[in-house]
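The task is to assemble the complex, starting from two chains supplied on their own in separate frames and drawing on the hints.
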Amino acid sequence: MLMVQASLDGILLGILFALIAYGMALQWGVMNIINIAQGDLVILGGYIAYTMYLAGIHPAWGVIVSPIIMFFVGWALYKLVINKVVDRDLFISILATFGIAIVFQQLMNFIFGADVVVAQSEYGTTMLFDNSVTLPNSKIFSAFISVLYAIALVVYMKKSRLGRAIRATAQNARAAKILGVDTEKVYAATFGINAALCGIAGALISITLTLHPYVGLPYTVRSFMIVIVAGLGNLPAVAISGMGLGLFEEFADYILGTEFRIGAVFMLLVFILVYRRFKLSKKREYLK
Amino acid sequence: MNKLVKLFTIFISAITLTIVSISSSFAKVEGEYIVLGSAISLTGKYSSNGVHTQNGYNMAVDRINKMGGVTVGGKSYKFEIIYYDDESNPKRAAQLAERLIKQDGVHYMLGPYSSGLTKAIAPVTEKYKIPMVEANGASRSLFTKGYKYLFAVLSPANQYLEVAIDLAVEKNGGKPVRIAQAFEQDAFSQDVRLGILDAAKRTGSEIIIDDKLPKELNDMAATLAKVKATKPDVLVVSGHTKGALTAIRQIAEMKVDVPMLAMTHCDAAKLSKQHGKKSEYALCASQWHKNLSYKDKFFGSGKKYDKDFKKEFGYAPPYQSAESSAALLVFKDAFERANSFDRDKVRDALKTTEMQTFYGNIKFGPGGQNTAKPMILFQVRCKGDTCENKVVAPTKWASDKFYHPIPKWSERS
Numbered sequence: 001m002l003m004v005q006a007s008l009d010g011i012l013l014g015i016l017f018a019l020i021a022y023g024m025a026l027q028w029g030v031m032n033i034i035n036i037a038q039g040d041l042v043i044l045g046g047y048i049a050y051t052m053y054l055a056g057i058h059p060a061w062g063v064i065v066s067p068i069i070m071f072f073v074g075w076a077l078y079k080l081v082i083n084k085v086v087d088r089d090l091f092i093s094i095l096a097t098f099g100i101a102i103v104f105q106q107l108m109n110f111i112f113g114a115d116v117v118v119a120q121s122e123y124g125t126t127m128l129f130d131n132s133v134t135l136p137n138s139k140i141f142s143a144f145i146s147v148l149y150a151i152a153l154v155v156y157m158k159k160s161r162l163g164r165a166i167r168a169t170a171q172n173a174r175a176a177k178i179l180g181v182d183t184e185k186v187y188a189a190t191f192g193i194n195a196a197l198c199g200i201a202g203a204l205i206s207i208t209l210t211l212h213p214y215v216g217l218p219y220t221v222r223s224f225m226i227v228i229v230a231g232l233g234n235l236p237a238v239a240i241s242g243m244g245l246g247l248f249e250e251f252a253d254y255i256l257g258t259e260f261r262i263g264a265v266f267m268l269l270v271f272i273l274v275y276r277r278f279k280l281s282k283k284r285e286y287l288k
Numbered sequence: 001m002n003k004l005v006k007l008f009t010i011f012i013s014a015i016t017l018t019i020v021s022i023s024s025s026f027a028k029v030e031g032e033y034i035v036l037g038s039a040i041s042l043t044g045k046y047s048s049n050g051v052h053t054q055n056g057y058n059m060a061v062d063r064i065n066k067m068g069g070v071t072v073g074g075k076s077y078k079f080e081i082i083y084y085d086d087e088s089n090p091k092r093a094a095q096l097a098e099r100l101i102k103q104d105g106v107h108y109m110l111g112p113y114s115s116g117l118t119k120a121i122a123p124v125t126e127k128y129k130i131p132m133v134e135a136n137g138a139s140r141s142l143f144t145k146g147y148k149y150l151f152a153v154l155s156p157a158n159q160y161l162e163v164a165i166d167l168a169v170e171k172n173g174g175k176p177v178r179i180a181q182a183f184e185q186d187a188f189s190q191d192v193r194l195g196i197l198d199a200a201k202r203t204g205s206e207i208i209i210d211d212k213l214p215k216e217l218n219d220m221a222a223t224l225a226k227v228k229a230t231k232p233d234v235l236v237v238s239g240h241t242k243g244a245l246t247a248i249r250q251i252a253e254m255k256v257d258v259p260m261l262a263m264t265h266c267d268a269a270k271l272s273k274q275h276g277k278k279s280e281y282a283l284c285a286s287q288w289h290k291n292l293s294y295k296d297k298f299f300g301s302g303k304k305y306d307k308d309f310k311k312e313f314g315y316a317p318p319y320q321s322a323e324s325s326a327a328l329l330v331f332k333d334a335f336e337r338a339n340s341f342d343r344d345k346v347r348d349a350l351k352t353t354e355m356q357t358f359y360g361n362i363k364f365g366p367g368g369q370n371t372a373k374p375m376i377l378f379q380v381r382c383k384g385d386t387c388e389n390k391v392v393a394p395t396k397w398a399s400d401k402f403y404h405p406i407p408k409w410s411e412r413s
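The listed protein sequences derive, respectively, from chains H and V. So for the first sequence, this note's numbering puts the first residue at 1; every next one is plus one. So for the second sequence, this note's numbering puts the first residue at 1; every next one is plus one.
Simulated from the structure, these hints should not be mistaken for laboratory data. All of these numbers come straight from a predicted model, not from anything done at the bench. Ideal Cβ placement from N, Cα and C applies to all residues, glycine included. None of the hints are false.
Covered stretches of chain V, as calculated for chain H (at least 3 residues, CB under 8 Å):
| # | region |
| --- | --- |
| 1 | 39 to 46 |
| 2 | 220 to 232 |
| 3 | 269 to 276 |
Straight-line Cα separation of at most 25 Å, DMTMM-like style, residue types lysine to aspartate or glutamate; simulated pairs:
| # | chain 1 | residue 1 | chain 2 | residue 2 |
| --- | --- | --- | --- | --- |
| 4 | V | Lys401 | V | Asp385 |
| 5 | V | Lys255 | H | Glu259 |
| 6 | V | Lys102 | V | Glu30 |
| 7 | V | Lys307 | H | Asp115 |
| 8 | V | Lys270 | H | Glu122 |
| 9 | V | Lys215 | H | Asp115 |
So that you can see chain V by itself, here it is in the shape it has in the complex (with noise of 0.2 Å):
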């Protein structure tokens, strides 16, 4: 009996050793590398943009990596990003990141796919005092809740549309809008249906229509049969990709005529490719697109970006990818503004943060959101059956002109 216990203490501790000996090999900073960690949604309802978000990450690490790394008192370090696939689940994404900072022993997070999940993560960077920079959740409420070490690349979804708005009473001549307008009952739509209303504020427009789509919806009949009624100046759609397809599929089934028609996730649903001919005029709100003019020395600029991406993943970069590979130069910058590898240090120095990456500029807002760069808004414009997407503002990387009003469905061909 006494023989049976010495050989049991003997295999536990032998199980203990293994897997401390496992664990502390994936610490913070392991030999020369800088570990991070990442919980992403490789499978499930969000997986496609889950890997674009992967696919933008590595493409950073692999460039930062074979430029010289992140120096860090004097010496040269790699970064290294351990993945967990959360399964497109905010419950899972918050156990994973548990699992990568109390197992795993990483003391750096890299932001998870969309603004729900980034809302789970959160919490638990926020107690263990992890700094995390995210670049894929815009949603308002991420930067009102006081967190300490979350910062984003992206600017927040309340933005996203108002700046179509500012255009469509440019266009009526400096007169306030009638606007009617459709959003998904989810965080990141109502948020974006928040900044239209701050929006219709200050320039005095009327909302004449204020629908909101419940998640099953996939039919918008009833909505833009009354806007066919109410003849409003803007229509304005948030839904995620569904919501964007339907508006165009059913817009175009229905004739519905209105001057203009302002829209997000136009290019994750490849609204140009699917709807053709139907989705033009459309006007997109969008984080990055790669005319701009905005440059880094890892990238070059976005047309150099989209070209390295093309070749190495076979498809043109979207926004996701490109805000995913901006979260690295950031990290990267402030570890080496910290020149230390202390949390705390390495969190101030991300709250500095002043840069310019092929993305666009980068300075974090008190509350973690990037108050530096604006959204830009882009137009499907077609030249016989294929269709582009042409930034139309803000005016300053406008490569077309804005095109308004939307011609009557009876005079398109």
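Next up, chain H with everything else stripped away, as it sits in the complex (with noise of 0.2 Å):
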């Protein structure tokens, strides 16, 4: 039962981790950008849902309300500072993001004060196997609507105008502006949608985790992670890297003990870079 429960717990987190590789990989993939403020758009997405939770409004409606101000709050994001070291080399990308990482929490800090919250959404447990297996249901719904929100955005991508256009700057950003595609438009468009992937996911983890403008790093490590074992542009891989992660962790957290759950997600990264380059300079060899 144990085993049962492990398993669940792990894939339910890694959906949700997932959803915020998958606004990681698409602007990475698109801008060529390491996003470092990646957590801490999701931890103010979660603020926004717990702001709706104090004024008395049922936090689930984040899920709603927050990828929308969220999508701005990139659009600007990107006006104000991306559209500077888009074209310039993944350093000074990461300083850049790394400086917006610091002002938001400072900013949210000032705003929402350091204190740890969370949100209430009284959704109540799911029991199986005669109470020996307790799913949360608010985890249960965070899973559902990380699933239906990207599945909306992958059939977006395929049938949108806007999507193609992603897409094919993604592919090749000169060619794509050659053929006339407003390459501006489409980065500001990408950077605002991982913000609102982003304000989602925060919206979930206010109900299911806690708030607090210094812990958004863990997410951007985290989701960082999953877009490296995943690779970029790939939704499925970064879904199933996403939960793999959650069940190692999971595992890893009963079999060696708690203190090592994050060493040995660590430790699984370094294997699986250096399992890549092996697998990579044995191509190499053929192409000689």
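Below you can see the structure in the form of structure tokens.
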């Protein structure tokens, strides 16, 4: 039963992380920017839902309101900062988004205070196998919403004009520009969509985990890892690697102990990177 | 050229003079003011507790100054505090301590917020032989380094939850209990853990789960699943406010049934307000509670302090504020007994402090920790939807009976 519990916990959490990671993969792929502020955008989204909760609105509505607000936050961020670093090398974008992360943390601390806060969904719990496996409905809800939005995004990317433009820009920005795609607009929209995804994830985190102005970084690191494992622009891979990491984490916790949980994940990352290099070098031999 | 050099010399000496005159105006005792220094977290992750600390200090300064100040050598002096914002950063705190001592000429210090920052400042105050009374650093390691100028008005961290284990054993008919524990990997929480280990050894109790939570962790599901499977008699959790809020959220969601749940930081986390009925029956360690019957002539009783503080700052004082106010009372008492501004005389006077404040009795042990005040435990109890913290241990101050065992989730409405 413990294993069932661990698997379900891991998968539900993993789906949520996969959503954040997908946003990161999207803008990494399109704009070649590694967004260190990803986690802070998530937390800001969470605070939007929390503010609604304080105003007496159910925080679950945050999954609709928060992405809308966050889209414009992302858009504004692009216009203010990101557009100046988008064509530069990766290091500059890391520095710039790191700066944004610090500014966001301090602003959130200033506006919402340094207390750890939670929003209550009052969704109750689903009990399986005679109460030996318990699943918080809030986690099921958040996994469901994540999947829903992910599907919606994939469809949007495939069918809509903007989606096609984004994909074209990701493949070759110069060619897209020559063929009449307004890449500037595409970049702004991509960054906005990424921020909106963070907003959804944040709203879900406000009802499943806890919020604090300074807890953004772990989400950045987690999504970074998922993207590295999955590769860019491949949603199913991102989803699987998200769930896989969630599962791996929970099992590492059971088998090795909680103190090795994060360590185990990093070990896995090192292993995957080494393995990838090994595989790539083999490929290179064929080319010779 | 010669003229230029002359002009330059005059310019430099003018600047030097200004600096000297400014810094001397902040010397240890200026006119009728005794100047204290404190680096405190007004921004950054400790900013809410930093502000509680500062409010506590300010409230005591106002009160003491209004009630006649500090009498030294037959003359009455007033307290004044120079604050700097340490941005919740230990390195910055140590720098600011140097600055307070070397540039501002402060000779007496008040502590910052949190064990980590106090640890960063203590070596500096020790180096310059500056007496520091601190109110928010509880880590045991502060009191084992042989510091001679550090005095803490609060009980050390290892005492936080020891009482809870004793209580569990008592409820178990004096028989040893099975303990599950999860502690964050930081100085404070690990000290709380050491206290539990001592208590377990003393009572012959067995620790069946001993998880160390990483700092970035915001999910305790794995630990709680283990707790569910092993059914311990007591579950102990300490991981600052985040740990407390996460634990309650997930215990309620996963319907984990334990007869007793003991934690730290419940009041800082506003547990009863944020989680309401889900937090009911949680047992929490606290340095202070307004219902305790300690008294002094400045603040009267705890209840009166609570009332006055609310009036001044608009919220109920957490224990962080109360202990900070107490630090000023200790300083006043020491200055008057030393009857001098000599740092070593003040330090010797601090060492022999033995007094009662509204916050509790204060007497310093050899390491500088307060040995005269026990920790208290309160339990969250709810009436309808409003939940309150009720003191349940030690029995001397208990306003309510300790509710044990916690009813199962299936029986709770």
